[in-house]
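J.: So the chains spell out like this:
There are 2 protein chains.
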Amino acid sequence: MAVFPPPQRLLLGPGPSDVHPRVLAAMAQPLVGHLDPAFIALMEETKGLLRRVFQTENTLTLPISGTGSAGLEACVVNLVEPGDEVVIGVNGVFGTRLVDVATRAGATVVKAGAPWGEIVPDDVLAAAIARARRPKVVVLVHAETSTGVWQPLDEASRLAHAAGALFVVDCVTSLGGCPVEVDRLRIDAAYSGTQKCLSCPPGLSPITFGERAVAALRARTHPVQSWYLDLGMIERYWGEERVYHHTAPISMNYALYEALCLVLEEGLDARFRRHRLNHEALVAGLEALGLEMAVAAPHRLWMLNSVRIPEAVDDVAVRRRLLETEGIEIGGGLGPLKGRTWRIGLMGESSTRAKVLRLLAALERTLPRHGMAVAEGAGVAAGERVYAQADGR
Amino acid sequence: MAVFPPPQRLLLGPGPSDVHPRVLAAMAQPLVGHLDPAFIALMEETKGLLRRVFQTENTLTLPISGTGSAGLEACVVNLVEPGDEVVIGVNGVFGTRLVDVATRAGATVVKAGAPWGEIVPDDVLAAAIARARRPKVVVLVHAETSTGVWQPLDEASRLAHAAGALFVVDCVTSLGGCPVEVDRLRIDAAYSGTQKCLSCPPGLSPITFGERAVAALRARTHPVQSWYLDLGMIERYWGEERVYHHTAPISMNYALYEALCLVLEEGLDARFRRHRLNHEALVAGLEALGLEMAVAAPHRLWMLNSVRIPEAVDDVAVRRRLLETEGIEIGGGLGPLKGRTWRIGLMGESSTRAKVLRLLAALERTLPRHGMAVAEGAGVAAGERVYAQADGR
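So the protein lines, in turn, are chains Y and F. Those letters in the first sequence? Residues 1 to 393, per my numbering, in order. Those letters in the second sequence? Residues 394 to 786, per my numbering, in order.
Derived by calculation from the structure, the hints in this document are not laboratory data. C-beta: ideal position from N, C-alpha, C; glycine also. It is possible that part of the hints are untrue.
[As the list claims (entries may be wrong)] Chain Y residues, not near chain F, derived (Cβ > 10 Å throughout):
no. : residue
1   : 111
2   : 127
3   : 371
4   : 372
[Unchecked claim] Reference listing, derived: stretches of chain F covered by chain Y, where coverage requires no fewer than 3 residues with Cβ under 8 Å from a Cβ of chain Y:
no. : stretch
5   : 434-447
6   : 748-761
Model the full structure from these sequences, guided by the hints.
T.: Structure follows, in structure tokens:
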């Protein structure tokens with residue numbers, strides 16, 4: 001298979017999402033050095049843009065030079081010292097991953113577990129916090145990419161702070177697609193990824209640390225176990241001192257800058273409304289096709305739609321046909337949901353009316369070939385009705 | 394300052410180096426998913442291309458999803474367990490960094506030190522190995538980017554293996570610019586960066602692990618402290634199983650693939666000769682201008698040329714004028730060499746006759762403005778003579 005040009009795909013999986021041509025063009029710009037005044041100016045502007053997207057005033061807001069998982073690990077290893085207690089909400093892949101990372105950092109982990117596909121209820125979180133002797137950190141996954149669950153954060157934040165803990169949130173999939181109100185929710189630290197609702201290629205992980213988290217960083221008695229992710233050093237590299245740490249990924253930072261500009265040109269509110277509307281149209285269309293959502297209505301993410309795979313339908317065959325014949329990527333289930341759910345991402349540039357309708361039409365063509373009877377045109381029509389209603393508002 | 398388009402620079406610093414238009418074009422290609430058959434094919438091809446550049450048959454050869462420093466940390470944390478003894482050659486920034494990273498991983502570090510700007514002599518290394526009780530790993534920096542020193546590896550490899558240790562080499566700046574003969578030199582593990590002689594933007598770190606290193610990985614009794622850099626997991630993601638770990642930076646991998654193709658289209662031998670010739674022309678030109686190289690002739694790197702800054706000359710003013718008026722980036726000194734040396738990188742796409750002569754001409758214009766008398770045209774003429782000689786060969 002020739003590597004270039006890569007095949008044209010409509011990316012409706014769990015990420016990466018489609019990337020705007022302006023972001024692709026930014027990556028094709030020639031490089032400057034990482035200490036060039038032009039790059040330093042870009043770093044400063046990027047920090048400001050990220051603050052707006054995270055809805056925070058936090059000074060320590062910057063992209064970690066790795067993917068979302070590097071941001072996850074950065075938050076954990078900078079805040080956790082050996083023996084610290086960490087309460088983690090576990091209802092999918094990313095909560096499970098947080099347990100692994102925190103354990104490797106020497107934490108004593110207390111899990112607040114819930115079935116995959118459901119939220120972590122406040123009482124379960126409260127009980128886990130109560131089981132911990134003196135939790136230093138409470139972590140929740142805002143948007144569980146593995147299940148499509150939207151975790152409520154208001155009461156969780158109150159519970160964490162009442163216990164004297166830092167409140168840390170995984171916003172990998174939520175940032176840029178729904179409100180991530182870091183300051184209003186008193187989130188002490190958060191991390192995200194670039195390849196979801198920011199519609200930038202994968203490779204960077206925006207993080208933000210508030211005053212209490214920074215204080216915990218300063219009060220450490222053990223060095224951060226990771227040199228590459230040591231925020232004290234990264235902060236000086238991204239700060240006024242410009243103390244050399246690593247070489248920032250220049251082109252990826254060009255891309256992130258341009259992607260953030262696009263987010264803010266659209267405006268956060270308009271962007272969130274767009275994600276919501278396309279989600280609603282997709283759900284209407286899927287249900288009209290006889291498919292069933294895997295997450296209860298109040299807890300469905302707008303950007304990651306988990307759909308039950310009907311008994312008679314072959315998961316892999318459908319996804320392969322969508323990819324090869326229709327040029328559309330959707331995601332399969334992970335862990336216990338493998339073979340049981342599809343994950344349809346409507347993130348950033350992938351969340352548009354045209355793309356939702358294209359997927360619904362493709363499903364109408366594909367599902368009957370794989371043993372599922374669907375009324376011709378029903379999915380697209382149901383989606384269209386949602387858009388028509390919105391147009392009439 | 395407007396961020397786009399970035400200023401046009403000739404990158405003759407310690408990296409990033411100039412990037413070929415084909416690599417920039419590759420990054421502007423639309424994305425596919427990281428589990429797309431097209432991306433999996435690219436991953437497979439990339440592993441093969443990396444093996445050729447590393448001159449190895451090692452199966453475990455792939456790019457880590459972070460910059461060179463992430464590759465450094467990956468090698469250390471995967472090979473070192475708490476209490477292990479590690480012997481590290483320390484004669485610059487990167488040896489010093491290795492000590493920091495290994496210490497954070499719980500290693501007992503024995504330093505084989507040498508003054509910055511000199512190699513670590515074999516007898517110093519032998520003495521350090523002898524001081525260690527039972528060293529598990531011996532690490533040397535092949536091309537010390539902070540000083541321009543080319544570390545010989547033959548005898549060091551013999552010493553490391555005679556002591557039963559793994560021999561690990563930092564090839565961040567050497568790979569693609571001079572021979573990095575992983576198999577012939579019995580290097581057990583090596584890491585590099587993309588933004589030096591591979592002339593790809595920064596953001597990935599190619600690594601290679603040989604059989605003995607893989608055996609050490611398998612024999613670990615403690616989990617690798619970094620989840621993000623856990624090679625056992627990364628290996629399964631890049632291997633046939635494709636077990637989801639993180640989301641590989643798609644566009645950066647497009648870029649690396651294209652950059653590796655360019656390296657191998659030129660051919661390693663031709664590429665090394667080119668780096669050598671441009672280095673020789675640069676040195677002749679610099680010396681004709683009355684400048685003095687900071688490293689003794691037998692140990693000078695071809696791709697990173699350290700030059701003493703004459704007493705009367707203002708380091709920062711010269712570099713600023715080169716950047717702002719001539720559009721050329723060169724590097725300053727680091728650590729004890731700050732203000733005392735310039736670092737001129739001739740890496741990958743930046744190592745050409747036209748670029749060497751452009752720099753020499755720019756220095757001829759710049760140095761007299763900053764208190765150094767130079768004979769007009771002497772630098773370019775001396776460089777030209779080296780090229781003429783080579784043409785006549």
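J.: Hint by hint, note whether the structure agrees.
T.: Structure-based check of all given hints:
no.: 1; hint: 111; result: 17 Å, holds
no.: 2; hint: 127; result: 27 Å, holds
no.: 3; hint: 371; result: 24 Å, holds
no.: 4; hint: 372; result: 24 Å, holds
no.: 5; hint: 434-447; result: holds (count 3)
no.: 6; hint: 748-761; result: violated (count 0)
Hint 6 from the list above is the single one not met by this structure.
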